[in-house]
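Trainee: So the protein sequences, as listed, match chains B and S.
For what it's worth, numbering that gives the first Met the number 0 labels the leading residue of the first sequence as 0, then goes sequentially.
For what it's worth, numbering that gives the first Met the number 0 labels the leading residue of the second sequence as 0, then goes sequentially.
Hints listed in this document are in silico derivations from the structure and should not be mistaken for laboratory results.
Among the hints, erroneous ones may be present.
Claimed, not checked - Pairwise CB distance ranges, derived in the manner of DEER restraints:
(1) S:454 <-> B:14: 27 to 35 Å
(2) S:1 <-> B:53: 53 to 61 Å
(3) S:47 <-> B:97: 25 to 33 Å
(4) B:53 <-> S:16: 44 to 52 Å
Claimed, not checked - Under 7 Å between C-beta atoms, here's a sample of chain S residues computed to sit facing chain B:
(5) 273
(6) 433
(7) 436
(8) 505
A quick note: this is a predicted structure, and the numbers were derived from the prediction, not measured.
Using N, Cα and C, we set each Cβ at its ideal position, and we do this for glycine too.
So you can see what is in the structure, the chains are spelled out below.
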Amino acid sequence: MQTGRHVLESAEFRRLVAGRWRVSLALTGLLFILYYGYIILIATNRQLVSRPVSGATTTGILLATAVIAGAWVLTAAYVVWANRQYDPAVAELRARAEKR
Amino acid sequence: MQTSLGSPTLSAIVSFLVIVALTLAVTYWAARRTRSTRDFYAAGRSISPFQNGLALAGDYMSAASFLGIAGLVALRGYDGMIYATGWLVGWPALMFLIAEPLRNLGKFTFADVVAFRLRQVPVRVAAAFGGILTLLFYVLAQMVGAGNLITLMFGLPYEWAVIIVGVVMLAYVLFGGMIATTWVQIIKAILLLFGVTVLTVLVLSRFNFSPGELYSAVAARYGQTALEPGGLVSDPVDAISLGLALMFGLLGLPHILMRFYTVPNARAARSSVLYATGFIGYFYLIIPIVGFGASALVGREIIRKVDSGGNMAAPLVAELLGGTPFLGFIAAVAFATILAVVAGLTLAGASALSHDIFTHAIRKGHATEHEQIRVARIATVAFGLIAVVLGILFKGQNVAFMVGLAFAIAASGNFPALLLSIVWSRFNTAGAVWSIVSGALMAVILIGLSPTIRVDLLHYATPMFPLRNPAIVSMPVGFLVGIIASLVTREPEAEARFHDEKLRTYLGIGAE
Numbered sequence: 000m001q002t003g004r005h006v007l008e009s010a011e012f013r014r015l016v017a018g019r020w021r022v023s024l025a026l027t028g029l030l031f032i033l034y035y036g037y038i039i040l041i042a043t044n045r046q047l048v049s050r051p052v053s054g055a056t057t058t059g060i061l062l063a064t065a066v067i068a069g070a071w072v073l074t075a076a077y078v079v080w081a082n083r084q085y086d087p088a089v090a091e092l093r094a095r096a097e098k099r
Numbered sequence: 000m001q002t003s004l005g006s007p008t009l010s011a012i013v014s015f016l017v018i019v020a021l022t023l024a025v026t027y028w029a030a031r032r033t034r035s036t037r038d039f040y041a042a043g044r045s046i047s048p049f050q051n052g053l054a055l056a057g058d059y060m061s062a063a064s065f066l067g068i069a070g071l072v073a074l075r076g077y078d079g080m081i082y083a084t085g086w087l088v089g090w091p092a093l094m095f096l097i098a099e100p101l102r103n104l105g106k107f108t109f110a111d112v113v114a115f116r117l118r119q120v121p122v123r124v125a126a127a128f129g130g131i132l133t134l135l136f137y138v139l140a141q142m143v144g145a146g147n148l149i150t151l152m153f154g155l156p157y158e159w160a161v162i163i164v165g166v167v168m169l170a171y172v173l174f175g176g177m178i179a180t181t182w183v184q185i186i187k188a189i190l191l192l193f194g195v196t197v198l199t200v201l202v203l204s205r206f207n208f209s210p211g212e213l214y215s216a217v218a219a220r221y222g223q224t225a226l227e228p229g230g231l232v233s234d235p236v237d238a239i240s241l242g243l244a245l246m247f248g249l250l251g252l253p254h255i256l257m258r259f260y261t262v263p264n265a266r267a268a269r270s271s272v273l274y275a276t277g278f279i280g281y282f283y284l285i286i287p288i289v290g291f292g293a294s295a296l297v298g299r300e301i302i303r304k305v306d307s308g309g310n311m312a313a314p315l316v317a318e319l320l321g322g323t324p325f326l327g328f329i330a331a332v333a334f335a336t337i338l339a340v341v342a343g344l345t346l347a348g349a350s351a352l353s354h355d356i357f358t359h360a361i362r363k364g365h366a367t368e369h370e371q372i373r374v375a376r377i378a379t380v381a382f383g384l385i386a387v388v389l390g391i392l393f394k395g396q397n398v399a400f401m402v403g404l405a406f407a408i409a410a411s412g413n414f415p416a417l418l419l420s421i422v423w424s425r426f427n428t429a430g431a432v433w434s435i436v437s438g439a440l441m442a443v444i445l446i447g448l449s450p451t452i453r454v455d456l457l458h459y460a461t462p463m464f465p466l467r468n469p470a471i472v473s474m475p476v477g478f479l480v481g482i483i484a485s486l487v488t489r490e491p492e493a494e495a496r497f498h499d500e501k502l503r504t505y506l507g508i509g510a511e
């Protein structure tokens, strides 16, 4: 499959791949901060997590809810980026590779 | 509180028969559409992102997470919530790291991706080994859980329960392949989400629809400690290790990964993860409310008396709030959940045996469609029989740790090889084989030396490995061995083919 060689070596393709991993790894980093940050917070600052915010509801309950909501928001952010930025760039490079 | 749990009530039997009849009708319809290997393994790549999102959620939300997490929250309070969050966080990681490359590079199994530019026979055999090992521990835990739960809920003898699960799910997979399995997952996911939603609304209706009042009721009965972290995160290293296994184990579960081949392209794969994350996140948000509701309304003492593990918390609160008919419905939904998960595992196991071992390792890719489907069906029966026999052999054993073990093997054996094959040009056959074998074996050995087996099961005074969850050690081992084995050997053909692979990974050129 030599058809795509010129695309493979193009600056646009390199930018596409580098950009894809930059976004992926940044979001993975945020996911790590969100989830492992939550676990480490429970392990190191039990008092904060146990503090009631209103009535019997503790900070911990809000945090758990925020981790679940945050995980979904990060996933949605990736989809929005991929649909708006990544897909059009892919379509263009693909057309170029197949036209030759 | 009087309970009709453990006796087969009319509503339970009717709900169960309706679900089985519906899913078998779907199987009959699917069987007439299953002609090629593409239909059998990948539902003709005709599933929509929304449907696949539901099916992924169906594959993932097992009876263990429905009944188990509700029970954990009921008996141990906030710790159950911490545990529930860990089950969701793999999904974003799956999206960011492998969903789209996986769809672009593979055909039917994750081994297609690992073996894409490497030597077929050794890589296929190693990937099938890692995949089948993961699936066997997973299916064993499901089967023993199924036998116990069905005995508890319907009063059926354990062996009969296991055999019924085996026979019905074999009918789905054998005749309807991936088309039937997908629709069974969709039906199950809708029933489960509907059932748990109704249960949540019923619980909240007792507390003026205010979660705050529910938490106050729990605190009034069992003290404020029920809403504070308990013993689950007492050792942060072990907690992070568990988190790593849950997060990256998902990225190496063969039955989940194979769902990505049922959608037409990478964009559809991406959308299906977003839907799945939405359904699963919603599920883990509301399941703790059911658990807290059970402890506030039913009481921990009664829950513990019916089942010391707390698994009957959700059915008990369902009976209290919705009467025997609603309990029957929830019990039937739990049964459907087990059937669907076991069907998904069996199809993935059969694919590893037939597509990776038979077609690629034994026949070197030269087998007719007719032969491949025949072998896939034989492999389905073989895997299903093994599941039933294991389920019966392990009757009465404590197998709860096996799901954790399955996730640890997937995270340490399957995931490193999968990721490295996608991103690293120097990754080669030696790296893939050694990575999968060492990561998977390391996870098994460390669990064997851990407190879970050494102290809890074998009653030694001290463990030989301090952590209950091995992933924090075994996953880096999988990566390191893969990298070192690749660096000390050279495979110029594999490096040369990486360029073509990149066009397919990122642009989808030549994707199936």
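Trainee: If a hint holds in the structure, say so; if it does not, say that too.
Mentor: Taking the hints in turn, this is what the structure says about them:
1. In this structure the hint that residue 454 (chain S) and residue 14 (chain B) lie 27 to 35 Å apart at CB is violated, the actual value being about 54 Å.
2. Distance hint check for residue 1 (chain S) and residue 53 (chain B): the Cβ-Cβ separation is about 37 Å, which falls outside the suggested range of 53 to 61 Å.
3. Take residue 47 (chain S) and residue 97 (chain B): their Cβ atoms lie about 26 Å apart, and the range 25 to 33 Å holds.
4. For the pair residue 53 (chain B) and residue 16 (chain S), the supplied restraint of 44 to 52 Å holds, since their beta-carbon distance comes to about 47 Å.
5. Given hint, residue 273 (chain S) at the interface with chain B, holds; its Cβ is 5 Å from that chain's nearest Cβ, closer than 7 Å.
6. For residue 433 (chain S), the suggested interface contact is broken, since its CB lies about 25 Å from the closest CB of chain B, more than 7 Å.
7. With a least beta-carbon distance of about 27 Å to chain B, the hint placing residue 436 (chain S) at the interface is violated under the 7 Å criterion.
8. Here the hint on residue 505 (chain S) is kept, as its CB sits about 6 Å from the closest CB of chain B, short of 7 Å.
Comparing the model with each earlier hint shows violations of hints 1, 2, 6 and 7; every other hint is respected.
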